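Undergrad: Assemble the whole structure, with the sequences as input and the hints as a guide.
Listed below are the residues making up each chain.
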Amino acid sequence: MIRIKLLYFAGVRDAVGKPEETVELPSEVRSVVELSGHMEKTRAALSGRLDSVRFAVNETFVDGEHVLSDGDVVALIPPVAGG
Amino acid sequence: MTRLCEVRETALSVDEAIAAVQRSDAGAIAVFIGNVRDHNDGRPVTLLEYEAYASMAGKEMKNIATEIESEISDVSLAVLHRIGRLEIGDAAVVCVASAPHRGEAFRACRALIDRIKARVPIWKREHGPDGPHWVGWEDARCVAHDHS
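Residue numbers (numbering that gives the first Met the number 0), protein chains in the order written: chain A, 0 to 82; chain B, 0 to 147.
It is worth saying that the hints were derived from the structure and are not from the lab.
Don't take each hint at face value.
[To be verified] Here are the simulated DSBU-like cross-link-like pairs (lysine-lysine), alpha carbons at most 30 Å apart as the crow flies:
1. B:61 / B:116
2. B:61 / A:40
3. A:17 / B:116
[Stated by the list, open to error] Among chain B residues calculated to face chain A with C-beta under 8 Å, some are:
4. 22
5. 30
6. 90
7. 92
8. 116
9. 118
10. 134
11. 137
Note that the structure is predicted; figures quoted are calculated from it, not measured.
Built from N, CA and C at the ideal position, the CB exists for glycine as well.
TA: Below, the structure is given as structure tokens:
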């Protein structure tokens, strides 16, 4: 069983209603793209909204193929708007 | 050399950023200051709330500075980004670049702010007459176009 910590920021946090949570991943969810699909399915507020969201694992941007490990801190990064 | 690349909750000091890149061999220092503007895409803006994934934002700004310093020879960079509630006219970001000559300093400073805006996990919630919204996320009115 893989357990990860999810961090939510800005519009994603407002949609989910909390800044972070720890979740156990079902066995079919191992990559970032699978996690994204899983979250859209299980969280109505994110349904159809994650196309523009990038993922960072342990503070580094990763692509969809990245495989998650137990204890990872996974941040959902909505479109950035610094400056 | 320690590089000044930080997210702050307090007012930014342009002098501090400049001091961080001053070198006796650098004849040029380029400075970019990003201020809170009173309008965006034709709508009035009264307040911007900035938020960061602070630990990653600091790292990503350092990564960007390191990248640019490896691409443009002999430049030194520093950046300060403010978060929290900012009023019109407040400085949200200060980018500075020093180099022996102005060409490299301007080019490095431009690259620094462009990559910060594209990659650093910082967000802003714009407040105006229509209520608040997260820029780039809830704002379907702002289609992709060039703000550079």
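Undergrad: Each of the hints needs a verdict: does it hold here or not?
TA: Now for the hints, and whether the structure bears them out:
1. Distance restraint check for residue 61 of chain B and residue 116 of chain B: the Cα-Cα separation of roughly 14 Å lies within the 30 Å cut-off, and the hinted pair is therefore satisfied.
2. Proposed proximity of residue 61 of chain B and residue 40 of chain A is contradicted: the alpha carbons are some 36 Å apart, above 30 Å.
3. For the proposed pair residue 17 of chain A and residue 116 of chain B, the alpha carbon gap of about 25 Å is at most 30 Å, so the pair holds.
4. Because the beta carbon of residue 22 of chain B sits about 26 Å from the nearest beta carbon in chain A, more than 8 Å, this interface hint is broken.
5. Annotation: residue 30 of chain B was flagged as interfacial toward chain A, and the flag is violated, the nearest CB pair being 14 Å apart, outside 8 Å.
6. With a cut of 8 Å, the hint placing residue 90 of chain B at the interface with chain A is violated, because the nearest CB-to-CB distance is about 11 Å.
7. Nearest Cβ of chain A to the Cβ of residue 92 of chain B: about 5 Å, under the 8 Å cut. The hint holds.
8. Hint on residue 116 of chain B holds. Least Cβ distance to chain A is approximately 4 Å, under the 8 Å limit.
9. Interface restraint check for residue 118 of chain B: the shortest CB-CB distance to chain A comes to about 7 Å, inside 8 Å, so the restraint holds.
10. Of the supplied interface hints, the one on residue 134 of chain B holds, with its beta-carbon coming within about 4 Å of a beta-carbon of chain A, less than 8 Å.
11. A least Cβ separation of about 6 Å between residue 137 of chain B and chain A falls short of the 8 Å threshold, and the interface hint therefore holds.
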